[in-house]
Amino acid sequence: MTEAYSLFSGSSGNCTFIRSGNTSILIDAGKNTSCIVKALKSLGAELGDISAIFITHAHSDHISALPVLLKKYNGLVYSSFDTFHHLTETGISGERIEHFDFGESVEIGDINIKAYETPHDITGSTCYRIECADKTKIAVATDIGYVSDKVFECLFGADAALIESNHDIKMLNNGPYPRFLKDRILGSGGHLSNDACARVLPRLAKSGTRSFVLAHLSSENNDPVVARRCAEAALEGTDCTVCVASKWEVVNICRR
1 MTEAYSLFSG
11 SSGNCTFIRS
21 GNTSILIDAG
31 KNTSCIVKAL
41 KSLGAELGDI
51 SAIFITHAHS
61 DHISALPVLL
71 KKYNGLVYSS
81 FDTFHHLTET
91 GISGERIEHF
101 DFGESVEIGD
111 INIKAYETPH
121 DITGSTCYRI
131 ECADKTKIAV
141 ATDIGYVSDK
151 VFECLFGADA
161 ALIESNHDIK
171 MLNNGPYPRF
181 LKDRILGSGG
191 HLSNDACARV
201 LPRLAKSGTR
211 SFVLAHLSSE
221 NNDPVVARRC
231 AEAALEGTDC
241 TVCVASKWEV
251 VNICRR
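In this text, residue positions in the sequence shown follow my numbering: the first is 1, and each later residue adds one.
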């Protein structure tokens, strides 16, 4: 059996849990260790079950739990080469981190994880394609300024996708953020809007993706109902499902 869950997602913290057979991994470790432990417990899992932690990039909402988490977790952390350097600069021991090249696959028990470069405003940013022993394919792609060819390759043909739908463009432009921050979010190294996310969904549906989870929604510049309606309109006439990842609650991505 393969299971994948968003433990929480948003600007306050991000963490995804994937379990296949006897292998369990985390993607990112945001927020704090107690939140991760609590979310895992709700799924009948614990830190001791985790075989590896994969980091998408070194922004705080994806790594804030790591310093404490690594005191309770005995396994390895995997990241891109640049993210490896960013993590060690924060004081995390490089002895616990394995780094990889983009396009490289890592085999962890019943799970194969392939890393793809993503366009974001910190070097080393990564999205992941996970293939499990039962051939279930899951893609995790957030913090992306646009859907590059490499990001699309990561997503294409996945059974389920956790994909960023960060902001509504009108809400962002009319909101309280200073102009420089709005420009950063809207830029090619920023975050994916609802509209940009929706544009790629029909192509992914044609490739075989049936489950979409919208992730990393902005609290100030988006609304879960707005994001979901935008995605569902793009997928009208398909048998795909759409749900929205929560900032605090576990949300199912895939269970097969």
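Keep in mind that a hint or two might mislead.
To be verified - Under the rule of at most 30 angstroms between Cα atoms (straight-line distance), these lysine-lysine pairs were calculated in the DSSO-like manner: (1) Lys71 - Lys150; (2) Lys150 - Lys41; (3) Lys247 - Lys150; (4) Lys41 - Lys182; (5) Lys170 - Lys135; (6) Lys247 - Lys72; (7) Lys170 - Lys150; (8) Lys182 - Lys71; (9) Lys114 - Lys170; (10) Lys38 - Lys72; (11) Lys206 - Lys170; (12) Lys170 - Lys137; (13) Lys206 - Lys71; (14) Lys41 - Lys170; (15) Lys206 - Lys41; (16) Lys135 - Lys71; (17) Lys247 - Lys71; (18) Lys170 - Lys182; (19) Lys150 - Lys137; (20) Lys135 - Lys114; (21) Lys38 - Lys170; (22) Lys182 - Lys135; (23) Lys72 - Lys114; (24) Lys182 - Lys137; (25) Lys182 - Lys38; (26) Lys114 - Lys38; (27) Lys247 - Lys170.
Please keep in mind that the hints were generated in silico from the structure rather than gathered at the bench.
Against the structure, the hints come out as follows:
1. Lys71 - Lys150: violated, 34 angstroms
2. Lys150 - Lys41: violated, 34 angstroms
3. Lys247 - Lys150: Judged against 30 angstroms, a Cα distance of about 27 angstroms means the pair holds.
4. Lys41 - Lys182: violated, 37 angstroms
5. Lys170 - Lys135: violated, 40 angstroms
6. Lys247 - Lys72: OK: lysine 247 and lysine 72 at ~23 angstroms, within 30 angstroms.
7. Lys170 - Lys150: Judged against 30 angstroms, a Cα distance of about 28 angstroms means the pair holds.
8. Lys182 - Lys71: Violated, because 37 angstroms separates the two Cα atoms, which is more than 30 angstroms.
9. Lys114 - Lys170: It is violated: about 35 angstroms lies between the C-alpha atoms, which goes past 30 angstroms.
10. Lys38 - Lys72: holds, 14 angstroms
11. Lys206 - Lys170: holds, 29 angstroms
12. Lys170 - Lys137: Status violated; Cα separation ~34 angstroms.
13. Lys206 - Lys71: violated, 44 angstroms
14. Lys41 - Lys170: violated, 39 angstroms
15. Lys206 - Lys41: The given pair, whose Cα atoms are some 36 angstroms apart, is violated under the 30 angstroms limit.
16. Lys135 - Lys71: violated, 33 angstroms
17. Lys247 - Lys71: holds, 25 angstroms
18. Lys170 - Lys182: Distance of about 11 angstroms is within 30 angstroms: holds.
19. Lys150 - Lys137: holds, 16 angstroms
20. Lys135 - Lys114: holds, 14 angstroms
21. Lys38 - Lys170: Roughly 36 angstroms between the alpha carbons, so the hint for lysine 38 and lysine 170 is violated.
22. Lys182 - Lys135: The hint is violated at about 40 angstroms.
23. Lys72 - Lys114: holds, 26 angstroms
24. Lys182 - Lys137: violated, 34 angstroms
25. Lys182 - Lys38: Answer violated: lysine 182 to lysine 38 is near 34 angstroms, above 30 angstroms.
26. Lys114 - Lys38: Answer holds: lysine 114 to lysine 38 is near 28 angstroms, not above 30 angstroms.
27. Lys247 - Lys170: holds, 22 angstroms
In this structure, the hints that do not hold are numbers 1, 2, 4, 5, 8, 9, 12, 13, 14, 15, 16, 21, 22, 24 and 25, in rising order.
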